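Residue numbers (the numbering used here), protein chains in the order written: chain A, 1 to 148; chain B, 1 to 148; chain C, 1 to 148; chain D, 1 to 148.
Rather than coming from a laboratory, the hints here were simulated on the basis of the structure. Each hint should be verified, as a subset may be incorrect.
[As the list claims (entries may be wrong)] With the C-beta cut set under 7 angstroms, the calculated list includes, among others, these residues of chain A facing chain D:
no., residue
1, Arg15
2, Trp16
3, Ala17
4, Thr32
5, Asp35
6, Val36
Model, not experiment: these values are computed from the prediction. Don't be surprised by glycine CBs; every beta carbon is placed ideally from N, CA and C.
4 protein chains.
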Amino acid sequence: MQLSDFRFSHALRVRWAEADLQGIVFNGHYLTYADVGITEYFRAMGQAYDAETGVKGADFFAVRTLLEYQSPARFDDMLDVHVRIARLGNSSMQFLIGIYRDETLLVTGEIVYVHADQQTRRPTPIPQAFRDAVCAFEKVQPGGAKPS
Amino acid sequence: MQLSDFRFSHALRVRWAEADLQGIVFNGHYLTYADVGITEYFRAMGQAYDAETGVKGADFFAVRTLLEYQSPARFDDMLDVHVRIARLGNSSMQFLIGIYRDETLLVTGEIVYVHADQQTRRPTPIPQAFRDAVCAFEKVQPGGAKPS
Amino acid sequence: MQLSDFRFSHALRVRWAEADLQGIVFNGHYLTYADVGITEYFRAMGQAYDAETGVKGADFFAVRTLLEYQSPARFDDMLDVHVRIARLGNSSMQFLIGIYRDETLLVTGEIVYVHADQQTRRPTPIPQAFRDAVCAFEKVQPGGAKPS
Amino acid sequence: MQLSDFRFSHALRVRWAEADLQGIVFNGHYLTYADVGITEYFRAMGQAYDAETGVKGADFFAVRTLLEYQSPARFDDMLDVHVRIARLGNSSMQFLIGIYRDETLLVTGEIVYVHADQQTRRPTPIPQAFRDAVCAFEKVQPGGAKPS
Numbered sequence: 001m002q003l004s005d006f007r008f009s010h011a012l013r014v015r016w017a018e019a020d021l022q023g024i025v026f027n028g029h030y031l032t033y034a035d036v037g038i039t040e041y042f043r044a045m046g047q048a049y050d051a052e053t054g055v056k057g058a059d060f061f062a063v064r065t066l067l068e069y070q071s072p073a074r075f076d077d078m079l080d081v082h083v084r085i086a087r088l089g090n091s092s093m094q095f096l097i098g099i100y101r102d103e104t105l106l107v108t109g110e111i112v113y114v115h116a117d118q119q120t121r122r123p124t125p126i127p128q129a130f131r132d133a134v135c136a137f138e139k140v141q142p143g144g145a146k147p148s
Numbered sequence: 001m002q003l004s005d006f007r008f009s010h011a012l013r014v015r016w017a018e019a020d021l022q023g024i025v026f027n028g029h030y031l032t033y034a035d036v037g038i039t040e041y042f043r044a045m046g047q048a049y050d051a052e053t054g055v056k057g058a059d060f061f062a063v064r065t066l067l068e069y070q071s072p073a074r075f076d077d078m079l080d081v082h083v084r085i086a087r088l089g090n091s092s093m094q095f096l097i098g099i100y101r102d103e104t105l106l107v108t109g110e111i112v113y114v115h116a117d118q119q120t121r122r123p124t125p126i127p128q129a130f131r132d133a134v135c136a137f138e139k140v141q142p143g144g145a146k147p148s
Numbered sequence: 001m002q003l004s005d006f007r008f009s010h011a012l013r014v015r016w017a018e019a020d021l022q023g024i025v026f027n028g029h030y031l032t033y034a035d036v037g038i039t040e041y042f043r044a045m046g047q048a049y050d051a052e053t054g055v056k057g058a059d060f061f062a063v064r065t066l067l068e069y070q071s072p073a074r075f076d077d078m079l080d081v082h083v084r085i086a087r088l089g090n091s092s093m094q095f096l097i098g099i100y101r102d103e104t105l106l107v108t109g110e111i112v113y114v115h116a117d118q119q120t121r122r123p124t125p126i127p128q129a130f131r132d133a134v135c136a137f138e139k140v141q142p143g144g145a146k147p148s
Numbered sequence: 001m002q003l004s005d006f007r008f009s010h011a012l013r014v015r016w017a018e019a020d021l022q023g024i025v026f027n028g029h030y031l032t033y034a035d036v037g038i039t040e041y042f043r044a045m046g047q048a049y050d051a052e053t054g055v056k057g058a059d060f061f062a063v064r065t066l067l068e069y070q071s072p073a074r075f076d077d078m079l080d081v082h083v084r085i086a087r088l089g090n091s092s093m094q095f096l097i098g099i100y101r102d103e104t105l106l107v108t109g110e111i112v113y114v115h116a117d118q119q120t121r122r123p124t125p126i127p128q129a130f131r132d133a134v135c136a137f138e139k140v141q142p143g144g145a146k147p148s
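Bound-form chain A, shown alone (with noise of 0.2 angstroms):
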């Protein structure tokens, strides 16, 4: 992982709530981080999520998540989520996570998000509108990427 391919990251906070007996953050509660990060990164792109429809019709669901914890995030501390997408599939899209503190790595993640219907939960394609989106904003080009 590296720390210059991320060109956006989001701040937050260790919440007391967070932290359990050892003193440090439960594991699952970094999927939350994961998430919001997420959730900032397709603000920032100019693709908010709505609550309402999903991204443009459909919607994402997670289809596979892996975080690997190389050092413990404690109450209080303020951590940097950092969000790239590093493959954009037909239907599917890949995010890369990178959790720091100051310059220390402590977790990495990948996300990986399937482009559904709602109803249904078969696969359509990833409109183009967002794809788009995603190459403009991205400072490297995710692998699969076709531009319009």
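On the provided structure of chain A, position chains B, C and D as indicated by the hints.
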């Protein structure tokens, strides 16, 4: 993932606050379910987690969590969280997780813990008594296990 | 609060992620426990909450939650969440909650719901069938209840 | 509740995982918001909470939390959590909380903490330095405050 490889499972019901606007469980909550399953696995094995000292002196820290989502759980669903230790290294162990609703596999998981000193975070060997308990408990002998 | 006034209770175990750095359950989680208890109360009464339509068409919304903490719950504690409806107004109802660990009362609660239209949020009468079910189920007749 | 009585507020955005099937924030999460607001209040006052020792040796424990819900917050809403200490007893203090979205008051709260020894749980006087800091910080002098 072979359901028949699991000796242990724990049943739980999806809480209202765990389902999101899409009507489905937010991905981070499955790590909580896995954690509840692992706590109950320890208890069933006769090695209930002791919050004061960690298991036998040091403690286990998650270093890797992978979840793959096949089908969503919804509010009020009864889930079975299947748990087994599939690999037992010198100071690390790998759990496999299978979350089912009746016969339907919803989420598969892999969670790796390292046994480490709480202060220094340096890995320390998993105690032999714990290893023996795992080997006596599991149906499928974990890779890397060397019972005494 | 009289324990003998409660007909119903639901048992649950404190999860790892619910205990904080002080070793005790973060206060907000008791509202989750109360909510789980109320869901199970509805089920026991034969009026299981239907996520699609709310209970009988409209839905209940919390308007007031009061918790008083006498003694803390800790990780792995088994708790009994006692639940009863103590007042049943025209469009609102008041739950009383008592959370015990064995004989020890840890937290008392009062939760008031209003039955309202999901769109307009205007209060609507609680259906008579629901009122009758409450009156048939409760040990101590709720204040304000007028069974048909 | 008078908005003008509050000197301090903290802004936060509703997270995806905090909105439920009704599209609104689950009630327990407002206690998390209040807790975040209080943490930031302490920081603004120059008495940032020290997870190692509690504030000045002992620690504050919540004994009462009351929330009244006027209007729901939804996913992605920006909220302002207004916080003030309205009463400062010998070993307890009462916070008032007002959660707004723009000009709209959504939730009011009252949270009472007792300052107590972490081991014995017996109340101990709130340190004078802390009392002085509160009196110097607040706009409306808390009831019961006796600055040195």
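Do the hints match the structure? See the list:
no., hint, result
1, Arg15, "6 angstroms, holds"
2, Trp16, "6 angstroms, holds"
3, Ala17, "5 angstroms, holds"
4, Thr32, "5 angstroms, holds"
5, Asp35, "6 angstroms, holds"
6, Val36, "6 angstroms, holds"
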